[in-house]
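Peer 1: Letter by letter, the chains look like this.
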Amino acid sequence: MKLGIVVNEGPYTHEASDTAYNFAVAALEKGHEIFRIFFYHDGVNNATRLMVPPQDDRHIQEKWSALAEKHGLDLVVCIAAAQRRGLLDENEMKRQGKDAYNIAPGFRISGLGQLIEAGIQCDRLVTFGD
Amino acid sequence: MAMLHIVNKSPYETNALESCLNHAKDGDSIILIEDAVYAVLKGGRAANALGAAGGVKIAALSADLKARGIDGDKIVDGVDTVDYGGFVDMVTTCDKTQSWL
Amino acid sequence: MSEGVKKFLYVNRKAPHGTIYALEALEVVLIGAAFEQDVSLAFLDDGVFQLVNGWDTKELGTKNFAPTYLALGDYDVSKVFVERESLEERGISEDDLMELMYEDEDDDWAEKPSIRVVSRSEMADIMADNDVILSF
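Chains as they are written, first to last, in our numbering: chain B, 13 to 142; chain G, 84 to 184; chain Y, 112 to 247.
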């Protein structure tokens, strides 16, 4: 089956990102296709490459980036939510006149249309949030 | 057309589970994840409410039960325990999902 | 229903202002309008507070996005379901709500109200009737 996943909360503060990740891994193990993982609201904060969690705990951003690389996953961060919360890629940095960008490998910033498209294209869309 | 309802908040913190139970239809399933697994504790008000939801299948995610020290003895009858693979199966077996956040 | 058109239901269960979910849910609805799917909005539990009329956010200092609800009709959103029990439990009547309108193209563009107050069990039927349910 073609699955879409929505992550509405940021790393560590809520369990949503961990649950979504574990669900994604299980779905891939069962041979399902993950069409897209869309990060909305504070979920965009999963995509910062500046995350430095304690060494003895999981590194949520690195787990997502590694999973994306291993399986060719499409991790999309909503541009409006990202702008609000200070998550930029290089393009956005230049466009907005900022002096840094912080998006991690494997994530791309795009519009809310990507979420709607996932709803249209996927057999199931599963939301993890608060 | 069966729906999978996903509930993640403790029933003692928000009304999400109660609202879910008020809207679930016979033949639907509910999976309790994250803090919602506290609903399965025997003797709790929430567990009694789950018991009343006759036509709805109820499952709880094993990873979240274990993390919270909820073992088999403490779980009210009628609730299945599933792992993430089982969660995925519930998603694909039902026709659609709704998350009660 | 034409091929490729799904029924999207946007479920709103949270009050406005205390969290961003009400605002950012609306933003999805507006973008979603461009995709010509069959769209419905559901307001239940604390979500019904979003539609209470008379917002004044000046002293709070945040953006007053109440006009966005009023503009929903321009985005082809004509089905706004509000749960009766949720209103009653919270001491709100239909008269307290914003007047959301849309223009019915099948009726000579007559202006009609978008809000339909439904019972809890009707809301359950509406949820079951939709294909993609988005929660915030």
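Simulated from the structure, these hints should not be mistaken for lab results.
Heads up, a few of these hints could be off.
[To be verified] Lysine-lysine pairs mimicking BS3-like chemistry, simulated, CA-CA at most 30 Å apart:
no., chain 1, residue 1, chain 2, residue 2
1, B, K82, G, K108
2, B, K14, Y, K118
3, Y, K174, B, K14
4, Y, K117, G, K140
5, B, K82, G, K149
These numbers come from a predicted model, not from an experiment.
Peer 1: Compare the structure with each hint and give your call.
Peer 2: Verification of the supplied hints:
1. B:K82 with G:K108: violated (39 Å)
2. B:K14 with Y:K118: holds (18 Å)
3. Y:K174 with B:K14: violated (38 Å)
4. Y:K117 with G:K140: At roughly 26 Å apart (the allowed maximum being 30 Å), G:K140 and Y:K117 satisfy the hint.
5. B:K82 with G:K149: Status holds; Cα separation ~28 Å.
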